[in-house]
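Visitor: Sequence:
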Amino acid sequence: MAAPTLAQRIGDRATLVTGSLLMATGYLLTLGLHGSVAPYLICQAVAGLGAGVLQQSTRTLAVESVPREQTAVGSGINELLINAGGSLGAACVLAVTAASTPAGSVLPQYAAYATCWSVCAATALAGAAVALFYRSGARTV
Numbered sequence: 513m514a515a516p517t518l519a520q521r522i523g524d525r526a527t528l529v530t531g532s533l534l535m536a537t538g539y540l541l542t543l544g545l546h547g548s549v550a551p552y553l554i555c556q557a558v559a560g561l562g563a564g565v566l567q568q569s570t571r572t573l574a575v576e577s578v579p580r581e582q583t584a585v586g587s588g589i590n591e592l593l594i595n596a597g598g599s600l601g602a603a604c605v606l607a608v609t610a611a612s613t614p615a616g617s618v619l620p621q622y623a624a625y626a627t628c629w630s631v632c633a634a635t636a637l638a639g640a641a642v643a644l645f646y647r648s649g650a651r652t653v
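Numbering-wise, the sequence shown is residues 513 to 653 according to this note's numbering.
Hints listed in this document are in silico derivations from the structure and should not be mistaken for laboratory results.
No incorrect hints appear here.
Ranges of calculated distance between the beta carbons of each label pair, as one might list FRET restraints: (1) Ala634 to Ile522: 20 to 30 Å; (2) Pro579 to Ser617: 46 to 56 Å; (3) Ile589 to Pro551: 34 to 44 Å; (4) Pro551 to Ala596: 27 to 37 Å; (5) Arg521 to Gly547: 36 to 46 Å; (6) Ala596 to Ala526: 25 to 35 Å; (7) Pro579 to Leu644: 22 to 32 Å; (8) Ser548 to Gly588: 33 to 43 Å.
Nothing here was measured: the structure is a model prediction, and the numbers come from that model.
The beta carbon of each residue, even a glycine, is placed where N, CA and C say it ideally should be.
Take the sequences, apply the hints, and build the full model.
Guide: In structure tokens, the structure reads:
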């Protein structure tokens, strides 16, 4: 809900970068945690706040950046990509953690989680870099 207000104050590009950097920060801070629930939840809340800002911004921009008669197309493509990315990310996390689970154990090794959080942070940082090149304006889909 704060993303539109943030975008009005600092601009769309800066809002996209901010959301991505919050996500990366939350994931990177998670790397240093071993077995403590409260700090883990706080770090994931930071990442979640970033994801919320980023997703709200992309939803708004998907609708605003296409001609009015193509609003549904812009929104639909955005939602498709959000869901595809989430599905791909979840599958990658599952593959890494499953591959890092020793035979006879039910839990993966910590290194698997560190790898996953590192990849999530790197992906969020890549998103911030891409957002730096965002240009506003309506386009035909």
